[in-house]
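Here the protein sequences line up with chains V and B, keeping their order.
Residue numbering for the first sequence follows my numbering, starting at 1 and increasing by one per position.
Residue numbering for the second sequence follows my numbering, starting at 1 and increasing by one per position.
One thing to keep in mind: the hints can contain errors.
[Stated by the list, open to error] Straight-line Cα separation of at most 27 Å, BS3-like style, residue types lysine-lysine; simulated pairs:
#1 Lys30/B with Lys134/V
#2 Lys29/V with Lys104/B
#3 Lys80/B with Lys119/B
#4 Lys18/V with Lys104/B
#5 Lys111/V with Lys62/B
#6 Lys104/B with Lys25/V
#7 Lys103/V with Lys119/B
#8 Lys70/B with Lys29/V
#9 Lys70/B with Lys196/V
#10 Lys134/V with Lys134/B
#11 Lys70/B with Lys26/V
#12 Lys134/B with Lys130/V
#13 Lys62/B with Lys103/V
#14 Lys156/V with Lys62/B
These are computed hints drawn from the structure, not numbers from a lab.
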Amino acid sequence: MSSLLRIRPTKIELIRLKRRRELAKKVHKILRERLTILVNEFLSRVRIAYRVRLEINSILRDVYRDSAYLVSLYGDGIFDYFENTVREESRVVIGFENIMGVKSYTAMVRKGVFTDPVIELTGFRENSIKLIQKLIELGRIERSIISLGEEIRRTKRRVNALEYIFIPKLETTIRYLSMKFEEREREEKARLKRVKSMLEKKKGVA
Amino acid sequence: MRRKKVLLEMSNEKDLFNKLISVELRLINKHLPYKRVSLCDLLKMDIPYIVLRDGTVHLIDKEELLYLSKLLGEEACKLKIPIIIETAPSIGEGAYIVRDHLAKKVIATILGIDYILDKPLVIYRPQLYIIREKLRTTTTILFNLE
């Protein structure tokens, strides 16, 4: 690829190119800023996802322990009973969140209403709801990590295109055009001098 | 024939560049809200949300809203959500400003810093990260072209 833009060598084009370079630099700066923020959002979400995973592991341990205890105490039927005492089911609301222009899925858990005549069941139910909430939170975070990752890749490409292709190309073309105009000016001056000396010579002869 | 081809190439190159720049400029602030909503109105909603300039619906975490209302107390209803944090290229790279009075109060309280009533609050990148971690859905960043 040529390092020069193919344009007509006129002064108007040079002015346009200079304006375009300024704009390109501004856009590059903004995109770089956006990229930095997106990368940080990405890293912060990775850290949160790791923390949530650890929490899920610990809650899972509690839920397994409680369920084993309940089964040993009341038998397998306890889980049917568990289902029957739900008055209003928990709901998950799924929507979108926009992180700096990156669209990602988000979800919220709306806790249901329960009646627990068996005391042991209360702890088990609370833990299982907590587990569901954490699982959904983890899903949301991991989904946003994927979306952010894709956007980071795209933005990086644009930043690099501006930084390594467009702006250098504009600068080289501007430099080339300026040199060309300077040279043209010098040529013009030399020509004028020559004409002047020729005219003087002619005057001297006459 | 050759001249035509060269002219076509010229226009293609220009178009590509103009397209890239114009698309970027058009999309850079599309994540801003179409209209900001007060904290109380959002708290009244069953599922709090705001509509963005690109037409998408942005869900807001209720826990964050409750946290903000607890922070501001009686003034909570005056706070407009989302809190807008602007980039400030005039100050330098990595500097951000907050203009809204109540938003300044919230951010200064979270960061444990002082602020002047008449002047915008200037925060820096590490502080922005703290804010974004705490107020994930209730803050947004405006990319300033100036």
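Pair hint lysine 70/B and lysine 26/V, alpha-carbon separation not exceeding 27 Å = Distance ~40 Å between lysine 70/B and lysine 26/V Cα, so the pair is violated.
27 Å limit on alpha-carbon distance, applied to hinted pair lysine 134/B and lysine 130/V = This hinted pair holds, its Cα atoms lying about 20 Å apart.
Hinted pair lysine 70/B and lysine 196/V, Cα distance within 27 Å | Cα-Cα ~86 Å, so violated.
27 Å Cα cutoff - pair lysine 80/B, lysine 119/B | holds, 19 Å
Mind checking the alpha carbons of lysine 30/B and lysine 134/V for me, to see if they're no more than 27 Å apart?
-> violated, 31 Å
Restraint status (C-alpha distance of lysine 156/V to lysine 62/B at most 27 Å) | Violated - the C-alpha atoms of lysine 62/B and lysine 156/V are around 33 Å apart, more than 27 Å.
Going straight from one Cα to the other, do lysine 29/V and lysine 104/B come out at no more than 27 Å?
-> Holds - the C-alpha atoms of lysine 104/B and lysine 29/V are around 26 Å apart, at most 27 Å.
When you check the alpha-carbon spacing of lysine 103/V and lysine 119/B, does it fall within 27 Å?
-> With Cα atoms ~33 Å apart, lysine 103/V and lysine 119/B exceed 27 Å; violated.
Do the alpha carbons of lysine 104/B and lysine 25/V lie within 27 Å of each other, as the hint requires?
-> Violated, at about 31 Å.
Between lysine 18/V and lysine 104/B, does the CA-CA distance stay at or below 27 Å?
-> violated, 39 Å
Pair hint outcome, lysine 70/B versus lysine 29/V [Cα-Cα no greater than 27 Å] = Distance ~37 Å between lysine 70/B and lysine 29/V Cα, so the pair is violated.
Does the structure keep lysine 111/V and lysine 62/B at a Cα separation of 27 Å or less?
-> holds, 13 Å
Going through the hint list in order, the structure does not satisfy hints 1, 4, 6, 7, 8, 9, 11, 14.
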